[in-house]
Amino acid sequence: MTDRALSVVRAGALTTVQDLGRPGHAHLGVPRSGALDPPAAALANRLAGNPVEAAVLETTLNGCTLRPRSTVTVAATGAPCRVTVDGRPAAWGAPVRVPAGALLDVGPATAGVRTYVAVSGGVAVEPVLGSRSTDLLSGLGPAPLTDGAVLPLGRPAGPHARVDVAPQPAPPAELVLRVTLGPRADWFSPEAIRVFTSRPYRVSPASNRIGLRTEGPALDRAITRELPSEGMVLGAVQVPPDGRPVVFLADHPTTGGYPVIAVVRTPDLPAAAQARPGTPIRFVTAGRRR
Amino acid sequence: MRTLPVGDDALLVEVSSGEEARALHAELLRRRAEGSLAVREIVPAARTVLLDGLTDPDRLAAELALSDAPPAPPHARDVVRLPVRYDGPDLHDVAAHWGVPPDEVARIHAGTEFSVAFCGFAPGFGYLTGLPPRYDVPRRATPRTAVPAGAVALAGPYTGVYPRSSPGGWQLIGTTDAVLWDHTRVPAALLAPGTRVRFVPVDGS
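For the protein sequence lines, the chains are A and B, in the order given.
The numbering of the first sequence is the working numbering, which starts it at 1 and goes up by one.
The numbering of the second sequence is the working numbering, which starts it at 291 and goes up by one.
A portion of the hints provided could be inaccurate.
[Claimed, not checked] These stretches of chain B come out as covered by chain A in the derived footprint (C-beta under 8 Å, 3 or more residues):
no., segment
1, 362 to 370
2, 398 to 410
3, 413 to 421
4, 477 to 489
Honestly, the hints are just simulated from the structure, not real lab data.
Note that this is a predicted model, so its numbers are computed, not measured.
Even glycine gets a Cβ: it sits at the ideal position worked out from N, Cα and C.
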């Protein structure tokens, strides 16, 4: 192992390697995967001087602790948190120099769920089907980080960005998700459509990279027969037999047999990735974009 | 043929049979190959084909509404042969559903030519059709928490082979040593939509 590497001192609750994912293989049953909050991951890369496709770390709620073997530039974005280098406070949302052998601690998120940690050169694990992303549904890509693991780093692409503070959206206190009804809205009663688009839901603690699960009023079906499996898109709001909508996130299955009542607008999904369990959700109908 | 908008940049094209879905899928792949269809994903399924990542879904929907149902494409020439031992724990249950002795399940299954209607559930998991409707079987009432890799299984009108160990509710009738999915291999998936498949009994059945 060269010194372009990162030792994992504390893996955290769930830290995975993520990049832009592996779209283009859905017909083989391969989820797209990739960072759940793509703008935050892209910003972390830009701050660390990486191209947008470089692989970053995606933490879940309680951060992680890393020790680079060579001097690197890192940036933490997404869910805000305390960042320290050898115990000294460092910036969140800005480039931070971490000397070789120093301890970088990305602390628990003070709001939101997922902090992104970009390291200059990018995490250089072996790609699978063109992507380094961990796919938790199908097990493709590297396993989630474990204490003591060592991750290879790539060569730095260029100088880090010259910014002091990059603006980032605050994690949502209330999640407002704009949806386009369909393709299977007609499988639900008019009352169910009204409930879905007017009553409050909450983020369920059972949410994960596959889907944002919800708690709230169950949606009744107008058509109760079985739906033959059909292709699923990112942001699809699928309604399983318990009637509680599930918003499909990056590791969603490529086909499914429960009807999709609506699809969440793609620009609203990063906020969904940062909404903590218990966060109120409102689904708001919006016409199609064009 | 009916097109349903899916969000801002996808279309679900619905047809009335698996055979029509196969023809539509082949036609859409042809259009993409000739450069007249720009799309990120073409995902065939039981009665639909999903087109995801379109720049102008409305225009394509209008176009498809005017076009005739495409003719059935010729079947792929090559046949993937999967060696199988008919030793699954649900062989007797399936025999009971079919109303035949267990040996006969193996004979009927191995005598059928299958084709991959679509993939899903897991990378490399194909939904294979070919058995006549009278051999449809229900899923198991209680799914297994772990089905081994290589398990050959039935559910509804489909046969499938588990590419890796996973939970599953299908009826297990046999086992294959074929590697269904290997991401270091090109192609990674042994079975893709349209692939023809035969199960070849090997010793131990």
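Now the hints, each set against the structure:
For the segment 362 to 370 of chain B, the assignment as covered by chain A is violated, since 0 residues bring a beta-carbon within under 8 Å of that chain's beta-carbons and 3 are needed. Figure legend: the segment 398 to 410 of chain B, annotated as covered by chain A; annotation consistent (3 residues with Cβ-Cβ distances under 8 Å, at least 3 required). Coverage of the segment 413 to 421 of chain B by chain A holds. Counting CB-CB distances below 8 Å, 4 residues qualify, and the rule asks for three or more. Counting residues of the segment 477 to 489 of chain B whose CB lies closer than 8 Å to any CB of chain A gives 4, so the stated coverage by that chain holds, three being the minimum.
Comparing the model with each earlier hint shows a violation of hint 1 alone; every other hint is respected.
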